[in-house]
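Guided by the hints, dock chain L onto chain P, whose structure is given.
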Amino acid sequence: MSAAEQASRGSSATTVDPITVMVIGGALNSIAIDMGYRLARMSYSSIIRESEDFGCAICDSEGRQLCEATQSTPLQSGPIAGYLAGIERRFAELGDAWRPGDVVVHNHPYYGSSHQPDVAFCVPVFRDEELIGFSVTTAHHLDLGALTPGSCGIVNATDTFAEGLLLNAVRVEEAGERVESAWRIIADNTRIPRLVLGDMEAQVAAAKLGAARYAELVESFGLDAVRAASEHLMDHSERMLRNQIEKLPDGRYEAEGMIDGFLDHPDPTYRNLKIKVAVTVDGSDLHVDLDGTSPEVDLPINMPFVGTVDVAIYMTLRSLLLDTEHHDAVSTNSGLFRPIAISAPLGCLANPRFPAPTIARFCPGNIVADTLMRAMAQIIPERVAAGVGNLKVVAFSGAEDGAAWVYMDIIEGSYGGRRGKDGLDAVDTLYANTRNNPVEDIESHYPLRVTRYELRDEGAGAGRWRGGLGSIREFEFLADGGFSLEGDGNAIPPPGLFGGGPGRPGEVTMNPGTDAEEALPSKIPYRSVRKGEVLRLLAPCGGGYGDPAERDAAALGRDAADGIAMGSA
Amino acid sequence: MLFVGIDIGGTFTDLALYDSEREELHVHKVRSTPDDPGRALVEGVSELCDRAGVGLGDVDGVLHGTTVATNAVLEHRGAPTGLVTTEGMRDVVHIGRHQRPQPYSVMQDIPWQSQPFVLREHRLGVAERIAPPAGEIVVELDEEAVRAAGRTLRDAGVEAVAVCFLFSYLNPEHEERAAAILAEEMPGAFISTSAGISPQFREFERFTTACMNAFVGPGIGNYLRGLGDALAKRGATSDLLVMRSNGGVASVQEAAQRPVTLMLSGPAAGVLGAQWAGGLLDRRRLISFDMGGTSTDIGLVTESGVHEASSRDTQIAGYPILVPMFDLQTIGAGGGSIARVDEAGAFVVGPRSAGADPGPACYGLGGTEATITDAHLVLGRIDPERFLGGEMRLNVDAAAAAIDALGAKLGMGRRETAEGILTLANASMARTIRSITIERGRDPRDFTLVAFGGAGPLHAADLASLLDVSQVLIPPHPGITSAAGLLTSDLRYDLMRTVFMREGDIDAEAINAQLDELAAELHKRLVRDGADPADIQTERLLECRYMGQGYELRIPVGTEGFAEPQLQRFHAVHEAEYGRAHPDPIEVVNLRVTATGRRPRLTRVKLGSGTLDDATLGEAPTAWRVDGELVELPTRHLLREQLPIDEPVASPAIIFQRDTTIVVPPGWSAVATAGGPLLLSAQPRSDNGGRRVR
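For the record, the sequence lines run as chains P and L.
Letter 47 of the first sequence, counting from 1, is numbered 67 in this note's numbering, and no numbers are missing.
Letter 289 of the second sequence, counting from 1, is numbered 290 in this note's numbering, and no numbers are missing.
Just chain L, same shape as in the assembly:
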């Protein structure tokens, strides 16, 4: 079978075609076309198929990771949107949690106030009220008011509406009825209900999620349908599937209904790519480290899969969103991050970035500030002739001048300054990894660091040293790891419901009935979208907390169904997460079901290899820190494609690949594995003298 994965990024669109019979992976990279992202995709797919010698009509699946929805939010481009809500609550989305995002700023803007998804003019209240705990209707829905609101919004040119009522997660009846009335009054409008997107408590967050969904809905629907049509016109016959923030793919229909689930589409595919690469060497505990030009995404994979964010922590462009997402920590450190001395004399790196234009000083496009890429170049870790496969020649003198200017302010020499830039960037990334591992009871030493993205393999070994991680894995094609990740994805749909039941007063039968109901609904959607009913797996979870707490932890419900004694597992989960359990009653807050429709996937790939002599390009002096001293050592330069299998490369060495550079510092060795990835291993050390970071 043939599958194509396409990840559209800001600068490049990455494509991968997998031929499962031949175990061949064909990769391709084209410039993105931000004015019409689909153009690069359609052109790229056609070119890739031509290269691989297959017709687009032979392809069995096209899987797509997209930043279209995220960009629509970041750039605040969306449809004129309306809100129909419980009377008295029209400004909940404007007041938010009444907290200022920046505690120490008078001149700040608050995103939901300065850039609302719905203008106050289009926020209309209607009489209705549902009450906890059972979702009892205490005020009937004023259907005439809904109808009038629909007419008002239609006459105002509104194209999308969010229907958001209090306590709809307990009883969605009013929201659904109002949506039906609005559909009658506003033919063609895009309508979302808050419980239909995310039936969880906390009204500001749920309403905002529904408003964001409505705001981007019409545009994303057009984009996805247009893409499908364009591919069909080129002869494609297979379905288009879209990656979501939860790491599963969805049909165009499903994705277009809930575009708010696409916000981490691209980065989620990256973590799946890391998971795939780890799997090639049977590694299940992974730190996914994707370092690009402006930022770094870090994710965590364990035996139970990719770690998911708690819904309390998820936000996009400063707006909260309540949908299942991979737990990705983004840090403002990438190859283009600028190093400088701040107004009071401190040495800081990032989050400001030189971007692609003017880019780092070494691009020679007018940038004069030192960046992380300039630091690597000055230290001899990037070959100016081989950057981006030799497509862009780097200007070493410009990089050196930028570093020297910074060094003069710090009273430091060129190499010390350059190495200091890397140390600060690595320290910040190591802190993030510590907080998602050690602070959650996980020992980073049990993990393998999977490094990819243009800059990931440059930093990986040094970063690993800071964390006492002894193994670093570089995927077969580090620059297209997200596209490869798409080829390993399954259809994955989630549903949840808030219940609020307390220990001692638990209705297990009701819980099981609701879990079954959610599972059946997911099953229906998966089958509709082409999943084989025999190949659907469901996972049931309860989100619980001690009575009175505000953050929930998850406990799994086995296939045998839920019974109250299972609740006791919560104590152990709480202890693992926070270091102690309490003798307090437990409250069940949410029920959650995830259903996965398994798809055929990318497994192994064949890679070329040669001898160490074939691979060796030469040797050049490079600066390294050994036993605390910065020294220059002769360093071997090698070509990744020619590396022999299972034959270790001694350090220090620099390995060049078309879309990245892999640094093997003193104290490490590298070996190309038969499975595909390149593996870097730390030699058992007494003390390599590097800086340790906490």
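Chain P extracted, bound-state conformation:
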């Protein structure tokens, strides 16, 4: 079929030429990028402006995503269509509907949100009375009413309500006017209102910018042309992924992964939990089934099926099958993932029942992604990495001159070895792609000192291509305060592939090298800390790829000179 024939196949009655399709596609992407630019620059907390833990997208009137900001982290932009579907569901329950001049805030994990701290602001776009699309921003907020300071490390939450303020399709603007009482509820439920509300204002401004730009786009090309082009763009992305799936051998491919869970929990059913992935390739369709995954628990490592599990699977498959290192760029939109179906039994970690808590869901989510990659390794060994080292997130907090402060730090992981290449060292992994906060920014704003930020040079998974190195990040408290932590990978080593050895697991240590040294697990509820105490975080090293005996002499020489040692195979 020629592109022109494909171009006229769209569901809309209006046909549009392939040039206009691409011009509109470029314009949509540029709107999302401009939204991201504005959000990053106007926001206050380092989690948005430095770490870029946010997403921006334009969606059509059916809530289908049409583009994303390139600055977005996949775990923020990926769920946007799910947020809109969740709001629709809530509206339907309430007999409510979108109205011109609305700005709606939403973060309910059982209504499409990725987890409670990731808050969306949605602006509907109307032309006269007709709803023509949505402009949406999502971002991680530092503190939103959880039982202890911060929005991570709330690892003792026993249900959704303990995780903090739930905003389920709430209007913060109505007919273009601010709903002050709604803003007040938010302001009164955070320990750091200026930062959180400043970030939210930036989200609203960016969402409104996107809405205005989308309306202009429709104005210049006409609604029919934009709709027809949107169909073509979604079909195009779908075709890109289908073409790749079609090249895979039909069959069923399984893999199993493990997470720490709660290593210090007295009940063994909370420890060493299983993630099970079965991939079925059938022509150009691909099905991922998570049957066999451990049952849900009443602590917050359950994963919203929509918002976390789906995103982990989509992002992993596109990174493998449409790896931008080797493939044409593909637009991120709701069409891209049409070839993929996902299932998980209700009541397992990957499809929990309300109100099972979910706030620390990234820990198992990263292992869903990693396990899926290992299942795919059987058919595309040249495109995968061996076992990936998982992340940790820490909420530091305290009070200075009577004012509360909260700071969130994301500790990177590492990638396993790859065919022809060692693993990436000390990076954010798989479906997350945030940035660290500079040491010089942390120390300038909080009573913390970063005494060490280096590679962990022992323990890379041995292999012909070794695993990537994790990091060592060490914080000294310069004043009394506290912290909480969520992470995973302290017990289960990132596995090797094709004869490669496992990477060394992560570690968390208080006051290393002193009499007060204490090894801690990968989930730590809030604990208070005295001035002068030190927290050391070691990220896991990635697994090795291929037989270590085949490692090339030059690579061994480079490692030796650089002081890097592999673990045993």
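Errors might be hidden in some of the hints.
[As the list claims (entries may be wrong)] Computed list of lysine to any residue pairs in SDA-like fashion (alpha-carbon distance at most 25 Å, straight line):
(1) P/K441 x L/G319
(2) P/K228 x L/R259
(3) P/K228 x L/G442
[As the list claims (entries may be wrong)] Over 12 Å on every C-beta distance to chain L, these chain P residues come out as not near it, computed from the model:
(4) R84
(5) L114
(6) D148
(7) A222
(8) E432
(9) L450
These are calculated hints, taken from the structure and not from any lab test.
Being a predicted model, the structure only gives us computed values, none of them experimental.
The beta-carbon is built from N, C-alpha and C at its ideal position, and this holds for glycine as well.
Frame of chain P; chain L shown alone:
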């Protein structure tokens, strides 16, 4: 006075000699010699002087734009480099910001991990610690450890060292002391300190900047000194000055110390050339549009000068660098950009390029894929006999075959396909211009588009139509605009310092004292490099943000000095940039001073002219889009050199110049001005039927 400007590009070295008494500009173009870039420069300068009938010894200044530093980074050719850093921080330059450059790739390489400027082996930590906010020393520098590090690096054959300590922007004492010790232990080594290059916070970016500087330092120093010697040998007596990314020139000494400031040397000169050409017609708001063979550089000029990039956005070859740079947006669209149908059937243009070899299909050198140049040729907008002044005959049949092959995949005819290629390229360029104008509160309709580079004038009028820009200006010699820009440059040095002071707790006296200190240091450097002290201008700025934000905006400090009430200007700046201000406290982050030593410059040039009859070459049918339809219209072909002054040329027309082709589509007119540039104007339109792009 006589000045020579030389811009060395990948394919050609462009030269311009200006005789300020006679207002004469002599131009010359020679093939570049990438193995030894200076050879083309020295030969070209000698030839140019011969042509102009002057001796190299009579020349008062040689100004140079170079890609040598940029290429060293792109090709990863540099000195064996070491890093001496705060204990515990040796891998900051390897970990970076822990973000993967490509979000959707497992097989990617990360530049600073796969191609580090400093191998881990040569990254050594020493005990020392400085703390915010005041730069207090909390751990003394272990001088013996520095000495030992110097010996280790020397014995390992390291030739350049970056000294990078945390918080050195607050207190450079430890870095400076360590650099002094290393100089003793490593005689002849090239040593940079991070605060000496860029005293701004964010350690990964600052350290990387210093490492890049050290990595290219020895090579650039040799290149620049060698160039000076070679010119002197040919009889040159004047100083060599080098263009930097901030649009100012620097002495060889200054440039060799901070080669990381040379990364946009060539493109920065292009924007200055655009600014000069705009000035000839008294235009101060300009979009500089430089479209070459593989890429396009877009810059913005307003009454306050060329727009500078925020230091958060500056990077070279994927590595962040924290030095003042013009805000240049580079797009992968040039004459050689390849048009194709991707694996899922979409029509895409660029960023892949056919380059110079095999080049576009019409070059007849084996290229079979359709390019932007082939599209112009098929539509009749390039004359196959007059390409590059007739030096290269183009193969129309080969271009048509390439376009037809693409059209067959799209189910489109030859002309529609060719025009589609141009539409997609123009749409992408228009989006970039929109994002740096409309998105920053500037209306492109208030701007004049200045088009140059080999392909710029081919696209300019269509691009302007997409943006509702009604005027396009083509500089007198569009192919050597960068070389001309060099002739308009001043010595321009910058210094900055991070302070972190919050509103309500501002020490205005300290700010003024530090600004004065920075200004005095710049003054000293400028005078050393030949500036007339009476002709030095300084500009003082504060970079501020609301407390808690991460991106700074600039507010100017007047000559009267800084006082706290001036901080309130920030609200208006924030509103202009982002559409709203906040009732929040303001934080001063950086102090910044720019000092300019004015130099004599290129002003007017005399150009030849003739009558419309002299200029007319003939007429040929050419495809144009009118009222939404693609139609063939008789189109006049003219010679730029012979165009009469102030006599408008009706459209459609194509105007040929030695190094470019200027397209005047229906709905536009062109006139050669007495000032020098050619001006294209859009006729007031009801609707010209072209595609509008957002």
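Which of the numbered hints above does this structure break? 2, 7, 8 and 9
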